[in-house]
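*Asks:* Here are the chains, one letter per residue:
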Amino acid sequence: MSDALYQDALLKLAKEAPRRGRLEPNDASVRLDNPLCGDRVRIDLRMSGPKIADLAHEVRGCVLCAAAAGAIGRLAVGLDREGVARLAAEADKALAGDAPETQELQAFNPVSRHRSRHDCVRLPFQALKQAMGVE
Amino acid sequence: MSDALYQDALLKLAKEAPRRGRLEPNDASVRLDNPLCGDRVRIDLRMSGPKIADLAHEVRGCVLCAAAAGAIGRLAVGLDREGVARLAAEADKALAGDAPETQELQAFNPVSRHRSRHDCVRLPFQALKQAMGVE
Amino acid sequence: MNLREQFPLLASDPGIHYLDSGASSQVPQAVLDAVHTFETAQRANVHRGVHRLAEAATAAYEGARYEIAAFFSGRRDEIVLTSGTTAAINLVAHSFGDGLKPGDEIVITEIEHHSNIVPWQMLRDRRGLVLKALPVTVEGRIDLSALDGMVTKKTKLIALAHCSNVTGAVADLAKVVAAAKAVGAAVLVDGAQRVPHGPLDIPALGVDFYAFSGHKMYAPHGIGVLWGKRERLEAMPPFLGGGDMIRHVTIEKTTYAPPPTRFEAGTPNISGAIGLGAACRWMSGLDWKAIAQEEMRLTGRVLDGLAKVPGARVVGPLGLQQRIGVVSFALGQAHPHDVAQILDRHGVACRGGHHCAEPLMDRFDLMGTTRASIAPYTEDADIDALLEGVDEARRLLG
Amino acid sequence: MNLREQFPLLASDPGIHYLDSGASSQVPQAVLDAVHTFETAQRANVHRGVHRLAEAATAAYEGARYEIAAFFSGRRDEIVLTSGTTAAINLVAHSFGDGLKPGDEIVITEIEHHSNIVPWQMLRDRRGLVLKALPVTVEGRIDLSALDGMVTKKTKLIALAHCSNVTGAVADLAKVVAAAKAVGAAVLVDGAQRVPHGPLDIPALGVDFYAFSGHKMYAPHGIGVLWGKRERLEAMPPFLGGGDMIRHVTIEKTTYAPPPTRFEAGTPNISGAIGLGAACRWMSGLDWKAIAQEEMRLTGRVLDGLAKVPGARVVGPLGLQQRIGVVSFALGQAHPHDVAQILDRHGVACRGGHHCAEPLMDRFDLMGTTRASIAPYTEDADIDALLEGVDEARRLLG
Ligand SMILES: Cc1ncc(COP(=O)(O)O)c(C=O)c1O
Ligand SMILES: Cc1ncc(COP(=O)(O)O)c(C=O)c1O
Chain A
1 MSDALYQDAL LKLAKEAPRR GRLEPNDASV RLDNPLCGDR VRIDLRMSGP KIADLAHEVR
61 GCVLCAAAAG AIGRLAVGLD REGVARLAAE ADKALAGDAP ETQELQAFNP VSRHRSRHDC
121 VRLPFQALKQ AMGVE
Chain B
136 MSDALYQDAL LKLAKEAPRR GRLEPNDASV RLDNPLCGDR VRIDLRMSGP KIADLAHEVR
196 GCVLCAAAAG AIGRLAVGLD REGVARLAAE ADKALAGDAP ETQELQAFNP VSRHRSRHDC
256 VRLPFQALKQ AMGVE
Chain C
271 MNLREQFPLL ASDPGIHYLD SGASSQVPQA VLDAVHTFET AQRANVHRGV HRLAEAATAA
331 YEGARYEIAA FFSGRRDEIV LTSGTTAAIN LVAHSFGDGL KPGDEIVITE IEHHSNIVPW
391 QMLRDRRGLV LKALPVTVEG RIDLSALDGM VTKKTKLIAL AHCSNVTGAV ADLAKVVAAA
451 KAVGAAVLVD GAQRVPHGPL DIPALGVDFY AFSGHKMYAP HGIGVLWGKR ERLEAMPPFL
511 GGGDMIRHVT IEKTTYAPPP TRFEAGTPNI SGAIGLGAAC RWMSGLDWKA IAQEEMRLTG
571 RVLDGLAKVP GARVVGPLGL QQRIGVVSFA LGQAHPHDVA QILDRHGVAC RGGHHCAEPL
631 MDRFDLMGTT RASIAPYTED ADIDALLEGV DEARRLLG
Chain D
669 MNLREQFPLL ASDPGIHYLD SGASSQVPQA VLDAVHTFET AQRANVHRGV HRLAEAATAA
729 YEGARYEIAA FFSGRRDEIV LTSGTTAAIN LVAHSFGDGL KPGDEIVITE IEHHSNIVPW
789 QMLRDRRGLV LKALPVTVEG RIDLSALDGM VTKKTKLIAL AHCSNVTGAV ADLAKVVAAA
849 KAVGAAVLVD GAQRVPHGPL DIPALGVDFY AFSGHKMYAP HGIGVLWGKR ERLEAMPPFL
909 GGGDMIRHVT IEKTTYAPPP TRFEAGTPNI SGAIGLGAAC RWMSGLDWKA IAQEEMRLTG
969 RVLDGLAKVP GARVVGPLGL QQRIGVVSFA LGQAHPHDVA QILDRHGVAC RGGHHCAEPL
1029 MDRFDLMGTT RASIAPYTED ADIDALLEGV DEARRLLG
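Note that the protein sequences, when read in sequence, are chains A, B, C and D.
Residue numbers are given in my numbering: position 65 of the first sequence equals residue 65, and the series is strictly consecutive.
Every number in my numbering is 135 more than the matching position in the second sequence, counting from 1.
Every number in my numbering is 270 more than the matching position in the third sequence, counting from 1.
Every number in my numbering is 668 more than the matching position in the fourth sequence, counting from 1.
It cannot be assumed that every hint is accurate.
Said to hold, decoys possible - Partial pick of chain D residues on the chain C-facing surface, computed with a CB cut under 7 Å: (1) Asn-713; (2) His-889; (3) Gly-909; (4) Pro-1027.
Unchecked claim - In silico DSS-like cross-links for lysine-lysine, where the CA-CA straight-line distance does not exceed 27 Å: (5) Lys-523/C - Lys-402/C; (6) Lys-150/B - Lys-976/D; (7) Lys-423/C - Lys-921/D.
Claimed, not checked - Computed, partial: chain D to chain B, Cβ under 10 Å: (8) Gln-1009; (9) Ile-1010; (10) Gly-1020; (11) Gly-1021; (12) Glu-1026; (13) Met-1029; (14) Gly-1036; (15) Leu-1064.
Hints in this document: simulated from the structure, not taken from any laboratory.
Beta carbons are placed, not taken as given, at the ideal position from N, Cα and C, and that holds for glycine.
Sequences and hints are given; from them, build the entire structure.
*Replies:* Okay, here's the thing in structure tokens:
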């Protein structure tokens, strides 16, 4: 059963989604889309040295994508490149079916069983990494 | 079993094949080929009024094709258009599995069970009909 | 009528509510049996072979062409077997389209599936043509009132879907044929969504080309048909080169076989063709008047049910006239993938997304829709499950 | 090794001596089972769907691509699924070939199957190219000593068969690759006859394109592969337009997906791909060293047997080096269809004719040949029956 997919924690991440919107001016802004499902994400960053001082995200997409952006809004401020890489790796871990250490990302664990939805969760993390020049 | 296909009567028709060769000069000459199997037939006619006075056939092809040309060499001299049409219809009858009245054409009866070979038998009759302007 | 039990996948699990036949239908035992017989008792390559298996395979393959032709009231030499609708349309875009001249015009519509858009764009770019698209009405139908303004003496082809895979609207082909005839243009119809819903007399439509896929009409994947008017096919050069489509080959020069062989290069999908032939035979045995009634009754239930869901918006005709049982809807701002995923918890298989019809999504300013499609095996229980699922989706995502 | 019992068609009748695998092989139960599982438990359209059947179908389809890639030591994104060898070669002739300029040269060979001749002729005529053909030696091999004279700086592509479907000769690809590399030309290999005879590291060949069909390697009809070097595929525009191969579509403009998707327009042959994946898995489980030995032992028996038949003439290498178990022969002046027909009375399935290689027939001044092809399931009894049949044919037709 895929019931667990839309559990409260995930719906809450998508709905509350701290730091929703745009940041102008910004130090980096990346827009990505997934042509397969039509998801679209923008991440704006303001930096303070190597670390994220503030960020904003805008999603036109599914709940999974919005929840992933919401998790970024909640977790990414204060991170440097390494921290962002670690955060994205944690999300991948959740998608692989392993429990991530970051509590908020455990909401994505049930997505592991739905391969067609993995990219929905990955898209905001990819945008974040790209904005930070990771990889 | 398809044994009956290469029975003596048919092999004899192909081997003896009266009127093998070319007729020069002639009143009509038609060459046809079947690209599927590579069979090639030429029929030359010399006419006497509406009737075939003499004919010759040249075959580069299989035994069935050679036997059909052989049957024409044995049966077609003296025929007019109508006679040629009737002869070709008799051959079709043999291919359909019905016994033709013309004794010589009964050798083609077993071919009825081999659809891929029907055109081998038909080709010389088609060339003959074309040379006579039938159809 | 209990057709469900003839479909092994559906019969194996009463909890499956398959409403995704618009993407690919399920397949009846009769079709599986025909393919199985080929693979285990007749398997060989077709044509040119004289041994008994080659004869059996050729008879089965050409017999299938005959059954397909008969089912669609066509002639055998008008049935070109392809790998599907997409391949069939691309064939015409090359073999017919490459004969067009710069400045010639092609008219498509905004309702089209990508497979009836992209080949014409590629042809436009190859040959310097003009590509126009008929608009779509708010009801989700091709706006044929625009035909007059759009079809000119330069129009060489009008290409449109018989039935929309998004809105379910059935096009009025007679009007299109009349407009095309008036200027000497050819008409290509994408029949992918029409053919699963019963027999059809293709030549009577008056069109020049009719394309469809087997996998949406109870047959295997990888097989489809281009029906072409004989004179059209005879006038067209080949598209793909290879075995079978030739007459004679030398390194310098090749001459080609007549249609349909001319357009069937290489070893064909023999089992697929045999499966499609069996699907036609199977369809011939059904009572399509009763099925059409039942399909429309169930479609009505979906439309009525959605009308009661707050935030649900049907994209397509709200009535049952000139439509098939394909119903697309948006649910508030919810992403169709979320909706489809929640439906899946109810065992309901629906497609969510743009349905390979992005221009139509743009027309309705939508990211996508959730689509339920009705087939002869659809039952009330499937609709019940759908409506329950939609209700849960609304509560969770609303 | 008794492989015969894994093949339902062969197991059902010990009287069948199937020596026509060069045209289409038989299919093992393992492949039939994989296809059956798809049709009865996973059937749905692939990609884009989120319901459980669509997920299962997509996983099976992409899993098959993975198995194929693994079997041929390739990467998944280098495996373009097509409907067969012919479609794969035509794809390259368009997507790669249409980028060539008038005066550019393509080198093929006289040994080629029509499917590796006609697409290049059509391209030549479309783009004003020059098409040359390497000659064939008396032994029935591509004469690579002619490479030097024929390959020039204008050469953009060399296209040749890995193994001849008529003579059984295996080409020395390393020489061809070296000659191509020297002038910056690409190499396309038609591997249709190579792939049934065991695993192969395609990237290690150093070629740019490698094409083959499923139906000759124990898989269903209607499926095949174009393996392409990643950089080559990435540089190529799409060929067919439709669903799946796009990134975004508007009526004005379309952007395309990356390879391999860019080259897979429309709903694919899902069951065919799954069958081909299963065939690769099945092949992986065999002992190919033992099979190769056995195939060569049986091939030797055929060659020895024919050497004793008055009037029999083998067209192809008389030894067992650099050859596969495909043996073609002429029998006096007898037409190959007559020979094949008489073999059929002995239950022997052989192909007779030009084998879609008319230029090669012209080279040997033959109307056609009779061809026996050896597969892993071939047994001594099959060779016995063949030689008995040949003897009868000689007596009847000689
Ligand atoms: C050497 C060779 N190339 C190409 C082909 C064409 O393959 P297909 O007909 O499966 O496209 C064949 C077999 O028919 C072949 O033997
Ligand atoms: C209306 C319509 N046209 C064309 C297609 C393309 O068919 P296929 O993918 O089988 O080539 C489809 C289905 O995918 C369709 O619904």
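*Asks:* All the hints need checking, so say for each whether the structure fits it.
*Replies:* Hint check results:
Contact between Asn-713/D and chain C, as hinted, is supported at the beta carbon level, the nearest pair being about 4 Å apart and thus within 7 Å. A hinted interface residue such as His-889/D counts as satisfied when its beta carbon comes closer than 7 Å to some beta carbon of chain C; here the least separation is about 4 Å, so the hint holds. Look at Gly-909/D: its Cβ gets to within about 3 Å of chain C, closer than 7 Å, so that hint holds up. Restraint check, Pro-1027/D versus chain C: the minimum CB separation of about 5 Å is within 7 Å; hint holds.
Taking the CA atoms of Lys-523/C and Lys-402/C, the gap is about 38 Å. The hint is violated against a cut of 27 Å. As the CA atoms of Lys-150/B and Lys-976/D are separated by approximately 25 Å, the hinted pair is consistent with the 27 Å bound. For the hint pairing Lys-423/C with Lys-921/D, the CA-to-CA distance comes to about 25 Å; that is within 27 Å, so the pair holds. The restraint placing Gln-1009/D at the interface with chain B holds, with a minimum CB-CB distance near 6 Å, inside the 10 Å limit.
At its closest, the beta carbon of Ile-1010/D sits 7 Å from a beta carbon of chain B; the interface hint therefore holds under the 10 Å criterion. The closest approach between the C-beta of Gly-1020/D and any C-beta of chain B is roughly 8 Å, which is under the 10 Å cut-off, so the hint is satisfied. The interface hint given for Gly-1021/D is met, as the beta carbon of that residue sits about 6 Å from the closest beta carbon of chain B, less than 10 Å. For Glu-1026/D, the interface hint holds, since its Cβ comes within 10 Å of a Cβ in chain B; the closest pair sits about 9 Å apart.
For Met-1029/D, the shortest C-beta to C-beta distance to chain B is roughly 8 Å, which falls under 10 Å, so the interface hint holds. Annotation: interface hint on Gly-1036/D holds; nearest CB of chain B at approximately 5 Å, less than 10 Å. Against a cut-off of 10 Å between C-beta atoms, the interface hint on Leu-1064/D holds, since the closest Cβ of chain B lies about 5 Å away.
The earlier numbered hint that this structure contradicts is number 5, and it is the only one.
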